[in-house]
Structure formats: C-alpha cells, structure tokens
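Asks: Spelled out from the first residue to the last, the chains are:
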Amino acid sequence: MPGAIYAEGLVKTFGDVRALDGVDLDVPEGTVLGLLGPNGAGKTTTVRVLTTLIQPDSGRAVVAGIDVLKHPNEVRRSIGLSGQFAAVDEYLTGRENLQMVGQLYQMKAKAAKERAGELLDRFRLSDAADRTAKTYSGGMRRRLDLAAALVVAPPVMFMDEPTTGLDPRNRQALWDVINELVAGGTTLLLTTQYLEEADHLAHDICVVDHGKVIARGTADQLKAQTGGERVEVVVQQPEMIAGARDVLARYGVAGTGHGDVSVENHIRKLTVPVTGGAKLLAEVIRDLDAVGVGIDDIGLRRPTLDDVFIYLTGHAAEREEEEENGTAGAAGKSRKDRKEKAS
Amino acid sequence: MTTLTDNVPGAPRPRGGVAQSINDSLVVTKRNLIRMSRIPEMVVFGLIQPVMFVVLFSFVFGGSMSVGGNTDPAVYREFLMAGIFAQTVTFATAGAGAGIADDMHKGLVDRFRSLPMARGAVLTGRTLADLVQTALTLVVLAIVGLLVGWRIHNGVPKALGAFALLLLLGYAFSWIGALIGLSVRTPEAATSGGLIWLFPVTFVSNAFVDPSMMADWIRPIAEWNPFSATVQACRELFGNPGVVQSDAWPMRYPVWASILYSILIVFVFRTLSVRKYRSATV
Chain A
1 MPGAIYAEGL VKTFGDVRAL DGVDLDVPEG TVLGLLGPNG AGKTTTVRVL
51 TTLIQPDSGR AVVAGIDVLK HPNEVRRSIG LSGQFAAVDE YLTGRENLQM
101 VGQLYQMKAK AAKERAGELL DRFRLSDAAD RTAKTYSGGM RRRLDLAAAL
151 VVAPPVMFMD EPTTGLDPRN RQALWDVINE LVAGGTTLLL TTQYLEEADH
201 LAHDICVVDH GKVIARGTAD QLKAQTGGER VEVVVQQPEM IAGARDVLAR
251 YGVAGTGHGD VSVENHIRKL TVPVTGGAKL LAEVIRDLDA VGVGIDDIGL
301 RRPTLDDVFI YLTGHAAERE EEEENGTAGA AGKSRKDRKE KAS
Chain C
1 MTTLTDNVPG APRPRGGVAQ SINDSLVVTK RNLIRMSRIP EMVVFGLIQP
51 VMFVVLFSFV FGGSMSVGGN TDPAVYREFL MAGIFAQTVT FATAGAGAGI
101 ADDMHKGLVD RFRSLPMARG AVLTGRTLAD LVQTALTLVV LAIVGLLVGW
151 RIHNGVPKAL GAFALLLLLG YAFSWIGALI GLSVRTPEAA TSGGLIWLFP
201 VTFVSNAFVD PSMMADWIRP IAEWNPFSAT VQACRELFGN PGVVQSDAWP
251 MRYPVWASIL YSILIVFVFR TLSVRKYRSA TV
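The listed protein sequences derive, respectively, from chains A and C. Sequential numbering from 1 applies to the first sequence in the UniProt record's numbering. Sequential numbering from 1 applies to the second sequence in the UniProt record's numbering.
A couple of the hints might just be wrong.
To be verified - Derived lysine to aspartate or glutamate pairs resembling EDC-like cross-links, with alpha carbons at most 20 Å apart:
no. : chain 1 : residue 1 : chain 2 : residue 2
1   : A       : LYS108    : C       : GLU41
2   : A       : LYS113    : A       : ASP130
3   : C       : LYS30     : A       : ASP130
4   : A       : LYS134    : A       : GLU90
5   : C       : LYS30     : A       : GLU114
6   : A       : LYS134    : C       : ASP6
It is worth saying that the hints were derived from the structure and are not from the lab.
Put together the whole structure using the sequences plus the hints.
Replies: This is the structure in structure tokens:
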C-alpha cells in the first residue's frame, strides 16, 4: 500500500530549467520525510506539486490516498501547508487570520473561532491575538503561519523550509511542535537546507539535487555511506600542520576512499576518518605531543549530514545561491527579496 | 499537549456549488473590508483624486466649455458630474489589481490555493470589497457634486438607478483589474498598469466634452465606448444637461447598453481571471 505521500516520476520544467527530473517519493503514514538539498534542487517545486499549487508535466502523485492531479480539491481538505514565507495577512489580527483560514476549510464560523483560540494559546500568541500581524516579530508570524496550516489538524502536513531565518529558541519550539504532530499520527514532509534539522526530525531523508533524488535512507544509513567516525584536530601554529598530517595519516582508515587526511589551512584544522573510538583519540594526542605539535582543539566526531551531502553531490549546500522555488525567470527575485526580509 | 491533533474534527466535506462559492467569496470580502478599514489612507487617497477633478474641471475648464452651445460654467458643472462619477468607479481597477498582486507577492495566494475553497472566491471577494469602497466614494462625491451645483432632476428612483449602473460599471472594471493583478509581478506595476489605459478610455468619451466637438474619426469611438454608455445613461436618469444626440445605438439606448457592456466585461474578464488564478505562480 502506498504511503500517505506518494510520488512517481514527477517531472516539471520551467522554460529551459528542468526543476523536477523524475522525483519518486513514498512516505509511510505517521512518519516524517526530510527533503534535503541545496537551493534550486527542486524541493519547493516538489512541495508545490504535492500541495496542488502547480501541475507536473508528467508523473503521478497521491496524497492521503487521493490522486493529486485528479482530485485536487479533495487533497486540499487533507493537507496543511506552511511555507518558507509566512503567508499571513498582515492587516488582519492573528485571530482573524486563523478564523478566515478555518472558514475557508469550510468550518462553521463558530467552530473556526473556537479553533483559532485553541491554536493561539498553543502557539503562545494569545496576548497578541487581537493585534494585526503587521506588529508581529518574524518568529511570531511563522508561528501564526504554522497555526494556520494546522487549523483542521490535517493528516498530511507540508513544511517548506520551516525554520529558515528563525532564531534558536523559535526553532526549538517548532521542533517541539513537529514532534507533537508526529506523535499524534500526522504524516509530514519537510524541506530543509539545514542538515542538522533533517537529522533531528526526519525518519527518512531524501537528498535531492538538480531535480532528482540522489540518495535516500535514514540519517544513519546515509552517514554510514560516508564512512564512520573521524578525528578532528586544530593545531596551534600553521607550521605544525605538516607534522600533524604525518601522524594522522598513520591512523587513517584505508580503503574507504576517504582515508586521506583533509586539511583546512586557514583554520589549521585537519580531519581524518578513523575506527577505534575514544581509546584511539588518546593515542593520537600522545603521538602528536611526541612530535611537538601543539593542539588547540581535538575531538572525535561522527559524520554530519553535511559530510554526507558533500560526499553525494560533490559540493557543499549552497545557501547563498538563489532558490529557484518552482518559479521561472525574474519572478524568483521577488521571493528572494522577501526571504531577505524574513531573515 | 494534545491541542494540535486530538479532538479536531478535520475539514468538513466542501458543500461545493453555488452555496460554497457565495460563502467563500463573502469570507474573503470580509477579509478585504477589514484590511481597508485598517488602511484608511488608501480610501482617503481614493477620494482625493475625484474631488480634485471636480474642482479642477469645474473652475478651471468650466468657463471655456460649451455644453450643447451653452457656455454657462454652472451648466458645465452639472454636465461634468456624471463623467466624474463614471471615471471614479473605473479607478476600482487599480485597487483590485494592486490588492491581488500584493496577495500573490506575499504568498497569500499560495495559501488560498492550497485550501479547499471555491475557485473564484479570492477574486470575487476582492471585487466585492472594492464595490463597497466604490459605493462609499460615490456617496462622498455626490455630496461634493451637490456643493458645486449638481442636482438630480428626475426623482430619487431614477437617480438610484443611475448609481446602480455606476456600481455595475465599477464592478466590471474591477475584474479587468483582477486580471491585471494576476498578470504582473508587483503591486506597483498593477497600480500603474491599472490606471494608465483608463485615461484614454475615460477621456475619449462623452465624460468631459460633447463628442460632437471631437474630430470625425474619434467621435464614433467615443460614442461606442462602453464607458460613454454609462455616462449617457446617468445624464438621462439624473436629468443633467449634455445628453448626446446621436444615432449610435449605445447613445440612443444608454441604459441597456450600459448594462450589456458591464455584464459582458464581467463575463469575459471573470472567466480569464479565474482561469489565470488557477495556474497562478508567483
């Protein structure tokens, strides 16, 4: 049985740009899929197809058991969308915004009003409930936007870069909300450029690049592909880098293709994949000391999804580059403007 | 802890059909009216221009204008008001266009399009809210008109009929604005794009001068201009001077012409706008 979100061979082109080039997804009910990729990878376009906002050139999508292309309005009853840009009416109060969305989900006015009150409490917006959203901080607007997506507690939620531009406290609060939703049985697809976030929240991760899913699996599976632990050393003086490299090379895991010591000269940091854990770390420190290499910092760490990403795509997640966003041409610019405002 | 998902009934099944369309449109209308009430300066600016036109045309041009051979400025002022009323209602185009472009720009249209609502409701809600604003503007403008000497001579029912025609024209033009708003990328472009073409449309007409005084080739354009039909109908219904004597059908049956033109504009531009809205991407 296909999952709560299912997509097969989604293709979408904008002019010359192949934004989606055969995306397949299958998200089991009650789980979180993290769609991870750099700007322009096709994350937002995927979300826009699955939420009925744009039609793919080809392919098939089923959300909450309903065919997205054949019955878009049925799908809309069952989904909530929280975007990258807080889509709330800034001249309406928080309460009015939520009531309006409730009524447009076809709730009765009274029920919409009650639900608005509940959500305002839950999202710590009660005090600001009757102020226009214009007066809200960025974090408050995001919370309001998320609350709007949750008015009917839809079984399937889409969040497009939900934490972009949020401060750590608001980000943590959002993570709590996501965990609560999933505990309540909601299926969630979230896009993110923050690898840490996908690691933290998602059961499964799809790495997308150039409109294709280039890897999928759990965070652990993806990390395993990149190799195991690594030792990171920051030496005291630039002249010590060469000596440290010789020492570390002796500990490097051969045969993974990643056994070489990598050096970041400007921050005097050396990294080498190893096996052997904490015991090995003590030996490395002793050896470095023996050859007179002073250590500013040393640690053993597991690969992050950043490492995975660089390994898979050959380039780091480009956060500065313009996201194509499922839009063509100059239209993208206005979104970028907003993004800058939002952050 | 359970607020988010427990005991929430979920989205009711959409009723579909006309009932849902009306309901959704009214929800969006209410939203737009609340917005207008919170940005009163927009309503005020919308009033300044027509009031300014009344004063300028009455007291600057008025003395050198001839209405059916009569050069009395007081006669011109009575003649003028129907034209100003009609021009003012067409400016609803810019408001509707800017509002919808702004909703697109801010991502609100994405929000609306992801909701199980009636397809045309976002646009209908906007045009209905603009209709309310247009009505308010007409009331203020009528008062200004009375102050400069404009009068209704054929009784209140006919005058109300004239205002109904004006509102219908304004509603029709706000659908043109809706299409412009969906077609441009910024609210600023929608405002200027919504206004520029209105100047030729409203000036190549019977609004400010008698078409018989225009060049031969432009006169039929003025007489068949949909906008002229409403102006002509208003002058007849108000009993104001300057009713154009012409064989052109819209000038002979201006009330019918005005109604037909407006309904045609609504039909064409509503169809195009709703189609465009469904595939709208910012």
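Asks: Hint by hint, say whether it matches the structure.
Replies: Hint-by-hint comparison with the structure:
For the hint pairing LYS108(A) with GLU41(C), the CA-to-CA distance comes to about 33 Å; that exceeds 20 Å, so the pair is violated. Of the pairs offered as hints, the one joining LYS113(A) and ASP130(A) holds, with about 13 Å between alpha carbons and a cut-off of 20 Å not exceeded. Distance check on the hinted pair: LYS30(C) and ASP130(A) sit about 16 Å apart at the alpha-carbon level, within 20 Å; holds. Straight-line distance between C-alpha atoms of LYS134(A) and GLU90(A) comes to about 4 Å, which keeps the hinted pair within the 20 Å bound.
Among the hinted pairs, LYS30(C) with GLU114(A) is consistent with the structure: their alpha-carbon atoms are about 19 Å apart, no more than 20 Å. For the hint linking LYS134(A) to ASP6(C), the alpha-carbon distance of about 31 Å lies beyond 20 Å, and the restraint is violated.
In this structure, the earlier hints numbered 1, 6 are contradicted, and the remaining ones agree with it.
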